[in-house]
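Quick mapping for you: the protein sequence lines, in order, are chains U and V.
Everything in the first sequence is counted per the working numbering, starting at 1 for the first residue and increasing by one.
Everything in the second sequence is counted per the working numbering, starting at 1 for the first residue and increasing by one.
Misleading hints may appear alongside valid ones.
So these bits of chain U aren't anywhere near chain V, every CB distance computed over 10 Å [to be verified]:
hint, residue
1, R8
2, M26
3, P69
4, K83
5, D98
Listed below are the simulated SDA-like cross-link pairs for lysine to any residue, each with C-alpha atoms no more than 25 Å apart in a straight line [stated by the list, open to error]:
hint, chain 1, residue 1, chain 2, residue 2
6, U, K54, V, N33
7, V, K140, U, T74
8, U, K67, V, K40
Derived from the structure by calculation, the hints contain no laboratory data.
Predicted, not measured: the structure shown is a model, and the values here were computed from it.
All C-beta atoms, glycine included, are put in the ideal place defined by N, C-alpha and C.
Listed below are the residues making up each chain.
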Amino acid sequence: MADPMRIRAQAAGDKTTVRVLMSHEMETGQRKDSAGKTIPAWHIQEVEAKHNGKSVMTAEWGGGVSKNPFLQFTVKGAKAGDKISITWKDNKGDTRTDEATVT
Amino acid sequence: MQTRRETLKQSALVAGLMAATGLFPQYAHANFNKAAFDAKNMAEVMKALGAGAPVESKDVTLTAPDIAENGAVVPVGASTTLPNVKRLLFLVEKNPSVLVGVFNLTDSVEANVATRTKMGQSSDVFAVAILGDGKVLYAKKEVKVTLGGCGG
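This is chain U alone, in the form it adopts within the complex (with noise of 0.2 Å):
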């Protein structure tokens, strides 16, 4: 199991800056190891951020995105106490959800 997120979510007036830094290798699938062979491809495609359980954003991602990942995003309309979730599935299928308070 991937390593808790780290999220910040600061209101300022009717807007929340969430930012995300998220725990992953992020392989590309372009890499070889020392032996010669490819190591095999392993990222998070899938990120969904939730505001008070009401879907917000998704994105994709590829291998371009760097290992252990930065997101920041403005969430309009949500105020101190609200909270913020963050979902990421991986290419291997394995998935993280974490939660967040905003301040």
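Dock chain V against the given chain U, drawing on the hints supplied.
Below, chain V without anything else, positioned relative to chain U:
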């Protein structure tokens, strides 16, 4: 004699391997557009996403460094003030897989996202906005990558 736990563990492993080789279609989520991520240039990406020809626009803002010391971690951001943005895309022209990521926006989020991308070499980076009316607008910026920490 296998315990149930072991059986489950093994079947999960096999499923994972199959998913990795693409033999397990139901693992591929309906949203994930493999063709778009396999595309080798911008035109192919747009075709795979069913979008029209992109037009350069000042209304789309791409935030990226002029020089990236470490190609493994290049911070990029895309934003636009245009209304009704459905999708934001990041593309790196000279990467083996041009498309980095697609962000499907809703009315509840601003058209302003940031992430970090990998770059194999110096290249043009594109931020593309696909609007609700089918318009495809982009901004581009050349990012130089200095590998090996020479600071070039």
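We went through each hint and held it up to the structure:
For R8(U), the non-interface assignment is confirmed: its Cβ lies about 13 Å from the closest Cβ of chain V, beyond the 10 Å cut-off. Residue placement check: M26(U) does not keep its beta carbon more than 10 Å from all beta carbons of chain V (closest about 8 Å). The Cβ of P69(U) does not lie farther than 10 Å from every Cβ of chain V; its closest approach is about 6 Å, which violates its non-interface assignment. Every C-beta of chain V lies more than 10 Å from that of K83(U), the closest at about 14 Å, which supports listing it as non-interface.
With 10 Å as the threshold on Cβ separation, the claim that D98(U) sits away from chain V holds: the shortest Cβ distance comes to roughly 17 Å. At roughly 23 Å between alpha-carbon atoms, K54(U) and N33(V) fall within 25 Å of each other, so this suggested pair holds. Restraint check for K140(V) and T74(U): satisfied, since their Cα atoms lie roughly 22 Å apart, inside the 25 Å limit. In summary, the hint linking K67(U) to K40(V) is supported, as the alpha carbons are separated by about 22 Å, within the 25 Å threshold.
The structure does not agree with the numbered hints 2 and 3 stated previously, though it agrees with the rest.
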